Structures are given as structure tokens and as C-alpha cells.
Amino acid sequence: MSAPNQNRPAGAPKVRDWPKHLIILFVLGIELLPLYMMLQISGKNNLMFTENPWLPARLGEWQWENYLFAFELIAPAVANSIFITVSTTVLTLFVALLGAYFFARYKMPFSNFLWAVFLFLMLMPGVANIVPLFMLIKSMNLLNTLWALVIIGISGAQVFNIYILRNFIEDLPKDLFEAAEIDGAGHFKQLLHIVIPMSGPIIGTLAILSFLTSWNEFLMPLIFLKDSELFPIGVALIYLDGEYVKQWGAIMATFLLASIPLIILFLFTMKLFVRGLSSGAVKG
Amino acid sequence: MQKSISTAKALREWRLYLFVAVPLLFILMFQYFPAASAVYHSFFEWDGDDTKRFIGLDNFRRILGDTTLWNSFILIGILVLANVLKLIPSIFIAVMIHRLKSDKAQYWYRLLVVLPMIVPQLVVLFIWKFFFDPNLGPLNKILETTRLMEVLAWFDSTFFAGNTFRTDAPVAWLSQEQLIVPALIIWGFPWIGAVGVLIYLAGLQSISKDVYEAADLDGVSAFQKFLYIELPLIMTQVRLTLILLIIGTLQSFGLQLLLLGEGGGAGGRGMVPGLWMYNQAFVANEFGYACAIGLVLFFFILILTIINNKYVRVDK
Numbered sequence: 001m002s003a004p005n006q007n008r009p010a011g012a013p014k015v016r017d018w019p020k021h022l023i024i025l026f027v028l029g030i031e032l033l034p035l036y037m038m039l040q041i042s043g044k045n046n047l048m049f050t051e052n053p054w055l056p057a058r059l060g061e062w063q064w065e066n067y068l069f070a071f072e073l074i075a076p077a078v079a080n081s082i083f084i085t086v087s088t089t090v091l092t093l094f095v096a097l098l099g100a101y102f103f104a105r106y107k108m109p110f111s112n113f114l115w116a117v118f119l120f121l122m123l124m125p126g127v128a129n130i131v132p133l134f135m136l137i138k139s140m141n142l143l144n145t146l147w148a149l150v151i152i153g154i155s156g157a158q159v160f161n162i163y164i165l166r167n168f169i170e171d172l173p174k175d176l177f178e179a180a181e182i183d184g185a186g187h188f189k190q191l192l193h194i195v196i197p198m199s200g201p202i203i204g205t206l207a208i209l210s211f212l213t214s215w216n217e218f219l220m221p222l223i224f225l226k227d228s229e230l231f232p233i234g235v236a237l238i239y240l241d242g243e244y245v246k247q248w249g250a251i252m253a254t255f256l257l258a259s260i261p262l263i264i265l266f267l268f269t270m271k272l273f274v275r276g277l278s279s280g281a282v283k284g
Numbered sequence: 001m002q003k004s005i006s007t008a009k010a011l012r013e014w015r016l017y018l019f020v021a022v023p024l025l026f027i028l029m030f031q032y033f034p035a036a037s038a039v040y041h042s043f044f045e046w047d048g049d050d051t052k053r054f055i056g057l058d059n060f061r062r063i064l065g066d067t068t069l070w071n072s073f074i075l076i077g078i079l080v081l082a083n084v085l086k087l088i089p090s091i092f093i094a095v096m097i098h099r100l101k102s103d104k105a106q107y108w109y110r111l112l113v114v115l116p117m118i119v120p121q122l123v124v125l126f127i128w129k130f131f132f133d134p135n136l137g138p139l140n141k142i143l144e145t146t147r148l149m150e151v152l153a154w155f156d157s158t159f160f161a162g163n164t165f166r167t168d169a170p171v172a173w174l175s176q177e178q179l180i181v182p183a184l185i186i187w188g189f190p191w192i193g194a195v196g197v198l199i200y201l202a203g204l205q206s207i208s209k210d211v212y213e214a215a216d217l218d219g220v221s222a223f224q225k226f227l228y229i230e231l232p233l234i235m236t237q238v239r240l241t242l243i244l245l246i247i248g249t250l251q252s253f254g255l256q257l258l259l260l261g262e263g264g265g266a267g268g269r270g271m272v273p274g275l276w277m278y279n280q281a282f283v284a285n286e287f288g289y290a291c292a293i294g295l296v297l298f299f300f301i302l303i304l305t306i307i308n309n310k311y312v313r314v315d316k
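Quick mapping for you: the protein sequence lines, in order, are chains A and B. Quick note, the first sequence lines up with residues 1 to 284 if you use this note's numbering. Quick note, the second sequence lines up with residues 1 to 316 if you use this note's numbering.
Derived by calculation from the structure, the hints in this document are not laboratory data. As the structure is a prediction and not an experimental result, all values here were calculated from the model. Take these hints with a grain of salt, some might be off.
Some but not every residue of chain A turned toward chain B, in silico, with C-beta under 10 Å [said to hold, decoys possible]:
{"id": "1", "residue": "W54"}
{"id": "2", "residue": "T145"}
{"id": "3", "residue": "H187"}
{"id": "4", "residue": "D241"}
{"id": "5", "residue": "K246"}
For each label pair, taking beta carbons as the anchor points, the in silico distance ranges come out as [to be verified]:
{"id": "6", "chain 1": "A", "residue 1": "P173", "chain 2": "B", "residue 2": "E262", "range": "48 to 58 Å"}
{"id": "7", "chain 1": "B", "residue 1": "G56", "chain 2": "A", "residue 2": "F71", "range": "53 to 63 Å"}
{"id": "8", "chain 1": "B", "residue 1": "A21", "chain 2": "A", "residue 2": "I196", "range": "12 to 22 Å"}
Beta carbons: idealized from backbone N, C-alpha and C, even for Gly.
So that you can see chain A by itself, here it is in the shape it has in the complex (with noise of 0.2 Å):
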């Protein structure tokens, strides 16, 4: 993505802007609406909701004690989700490093093929294979675990990850690996000193969008875990959702408290986000 201020339009002097920015901000308006009613509302009991549904609690009348409710309840979810979603985008990108290397680094014997066993994948869309998939978590004796979740994210992102980090390890200067050769340095100290440091924007990248991806999945969750002290925060959140009396301001507040993770790791990769959103779109 280029930067903003290259090739703006430059409408003509006459042309007016105030409209398009209302127009902007009116849809925006409504797109943020849920977000809005998800923060007012997390500081409100049933019936406060009820008597001033739109405009946001006075703050001495600010419902603390949601939050306290939200934190018991989604800590140990929250906790869950990090465990999974950081294993999972870690093992993923260091797995499809390994795979994209060998692809980049010579044309060796079979490598047409392994490519072409690869990109087949592409073709084959997930969702005939969770019946299946769910026979063999259990033959494995995985039912019930995490590492269940780590496994299936981590096969299901390699065709990928592997496809956009080759394309970039070819890019990268022959003269580096020979030099390292010349050196002594094994493959796997090649990957390791020279591939890894040279990559960083690009892996920044594909973490970011395996993160998304991985802190997203419910389905997998819902289908492969029982015990409740394992559910990450999509499936607790389901069983929110059906488990109590309504308590819409308690409710809210742990929604809220869900998407802190997530708005920590905006605050702090912005840049990386947006690009990687872009390039994830484009590349399918």
C-alpha cells in the first residue's frame, strides 16, 4: 500500500468537500453504531438501558460492577485465546518458513511436484473436511485440547503463508547465502540469520493477519472442545449468550473486555495492520 499522499486527486478549485465528508461520516456513523452501543451500554444495569436506551450513563452512575462480572467471566477465556492464537500464528509462519526456503532455495528433484501438491490445496475448500477432521482429532486423542486447534490452524494457513513468503525469499540478494555458505553455515543457520532478519515486514505481516484469522475462528472451537475451563473467547462467549438471564450492561462489558487483546495489538502495529489487511485481501 503506497503511503496517502501520493497521486491524491486534486479536484477542481470550485469543487467543495463538506459534502463528502457528510456523506463519509453519516455511513461511518452507523457502521460504528454497534461499537458505540456495546461501550454505553457495558455501563448500564437492565434498567437504565431501558429508561435511556441511546445516550451514555452518567459517569456516578457508571456500572462498575459490570466489568468486575466481565473480567471472572472472560479472564480465563481471554487467557485461552492467547495460548492458542500466539502458538498457532508462531508454529504457522516458522513451519511455512521452512517449506517456502526449500521452494526458494534451489529448483531441487520433485520440487514442480511439491509445489503443485501445495497450491492443489487452494483449490479444496474446508468445510467438506470437518467431519472428517473431527474422526481424526478424535482417533488422535486430541478431542478436548487445545493443541487440537493449534494443529488445525497451523495446516489449514500453510498453502498461504508459504505461497507469499517464497515469492519473497527469491527476491532476497543470492550473494548473502553464498557468502554464509562460504562460511560454513548450514541451511538451517541461512534461515535463521539471513532470512529471518531480512523479512521482518512481511512476517510482521502474515502474523498479524494469522492472529486475526486464528482470534476469530469459532467453529473449530465449538466443535472440538467440551470442558469449559478451555473455551477461548468465542466459544465462552456463545455460552454467554445462552446461559443467563440478560443482563445486557454485564453482557456488554464483556464483549468489551474481549476486544482488548485485539485493540492492544492495533495500538501498536497500525501501520502493519492496515497493510497486511490489503495485501491478505488481495492474495486471498
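Once you have looked at the hints, place chain B on chain A.
Frame of chain A, contents of chain B only:
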């Protein structure tokens, strides 16, 4: 592309195969094996345990007569169509943002567009479920305060049975048969996709100033600018998002599962093919039949993917 290397060198570098073996093992075991297993088990009657009975093509014969499945394909067709139309607001907003003169404003709007992404998708889903709530849900409140409810009720009683929208009872969006499909379509209004807007903006970046200046000199209207300058430039992106969206919609059933439950809601109106497969496997315990449904779905998506790879070329 790398040059081929000599066999002698390849033999010396045999360790490289260990590198590729790791991801290969993952995909063979957790992608290819389940896929093969799905094909195999679609010829069986299988309750998910040890009792398996070979029944040949019976599962597929049953699919031909399975009205629930075919109805679910009709619904997914409607949803695909709706989702295609839902691309329009994203294109519109991207063009609007791109035409702004101020870079700073462009940057901030871009940030606002991305903002909803930092809330987990499931949370967004549940907030929407809350919007649809009959008693406390904001959607009914908005319709009542703006008096739109009265218009809808009048419309309903004049042209239809008159029991969907009433002024004296709250509208139960997710539990009334005839409202389930409309609710699924309204879901996510105003349908701004952060990813979509970002990639359209990326495409629009390549329009140079001169093009706009020339267009202004010729007195080209705003809509003509869109039609002749902007749309051709983002056509690749639009085609790409379109095909990804269609394939994604065909596979998806999470929304229906969470909003409406395993049965697809009242009267099964919200049943989509993926959900029916899930239902047959994990509710009815007919794993063999579920595998067969999965294969039919796979077949449809495969055709679409091949069409996609043939006609939608995406260059870097």
C-alpha cells in the same frame, strides 16, 4: 523461478527435503487425509463409531431427494446475491474517501473504517443479535421512534397477511419464519467491509492527478468519473473480492448456527448447506451422509474456484 540444479548437488543438499517435510506432513495429515476420508465415508452408513456399513451410492441418491438440502441451496443463492449487492457501499465509500482533497482526512477515515476489525467477529455478531432482540433491541426501537413501524405495519396489512409487523407487538426478527431471510440480509448494515475498502483504496491510488484535472476541464460529472476513471481501475479488485465472497458465502454457516441454532431457525428458513452438513453430523449422527453433503458442496465450490482461476487473474 530458480534454475534446476544438478543431481549431484541435489544429493548433497538432501537435507533441504527435511525442511519441506514439516509443512508437507501437516497438510497430508490434516488436509488431504480428511478429504480422502470424506470421499471414502460418503459411501457408508456411519454413526461416527465402529459400526460402518457400505451402502454404495445410497447417500447420494438420498441427497437427490433431500428437499432440505436443495432449499438450503436456494437460500445460499439468495444470500450470495445479497452479498454481491452488499459490495456496493464499500466501493462507494472507498471512492468517496479517495476523492477527498485532504490527506489527513483520508488517513483518519481509513482508520475509522478499520476500527470495527479490532472487535472479535463473534462480538460483532452478538451485538447484532442484540440489535434484533424483540424487546430491548435497538432495531425495533429505531423503527418505533421514526414511526417506520407504522408504515411497515400498514404495508404488511394491505399487501400481505398482516401478522408480521404490528404496532401492538414487538417484531421478533429472528424467530418469525418470514423475517429470518430479511434479517440475514439486513445483518451488518451498512455493509462496509474494512478489507474491501482498503483494497479498493489501494487500487485507486494509481490514478494520477492529471486524469482528474483533464476530466474536470472536460466538464465530466461525478458519476461519469466513477464509471470511466475509477471503476476500470478497481475492476480487478472488485472481481477478486466478488469471487472470494461467493466462495466464502457458500461455505459459511457460522452466522446461521449462532443466530438461529442447529435447526436453522423457525421452519428451518435459515438452513444453509454447511449448516445442514453440520446438523446431519453432530445432531443426527449420520456422519456418512454428512460426508456426502460435504462432497456435493465441495463439488460446487470446486467448479467456482476453477472458473475463478481461469478468468480472474490477479497480478501483483
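Against the structure, the hints:
no.: 1; hint: W54; in the structure: 8 Å, holds
no.: 2; hint: T145; in the structure: 14 Å, violated
no.: 3; hint: H187; in the structure: 6 Å, holds
no.: 4; hint: D241; in the structure: 6 Å, holds
no.: 5; hint: K246; in the structure: 8 Å, holds
no.: 6; hint: P173(A) - E262(B): 48 to 58 Å; in the structure: 55 Å, holds
no.: 7; hint: G56(B) - F71(A): 53 to 63 Å; in the structure: 56 Å, holds
no.: 8; hint: A21(B) - I196(A): 12 to 22 Å; in the structure: 20 Å, holds
When the structure is compared with the earlier hints, a violation turns up for hint 2 alone.
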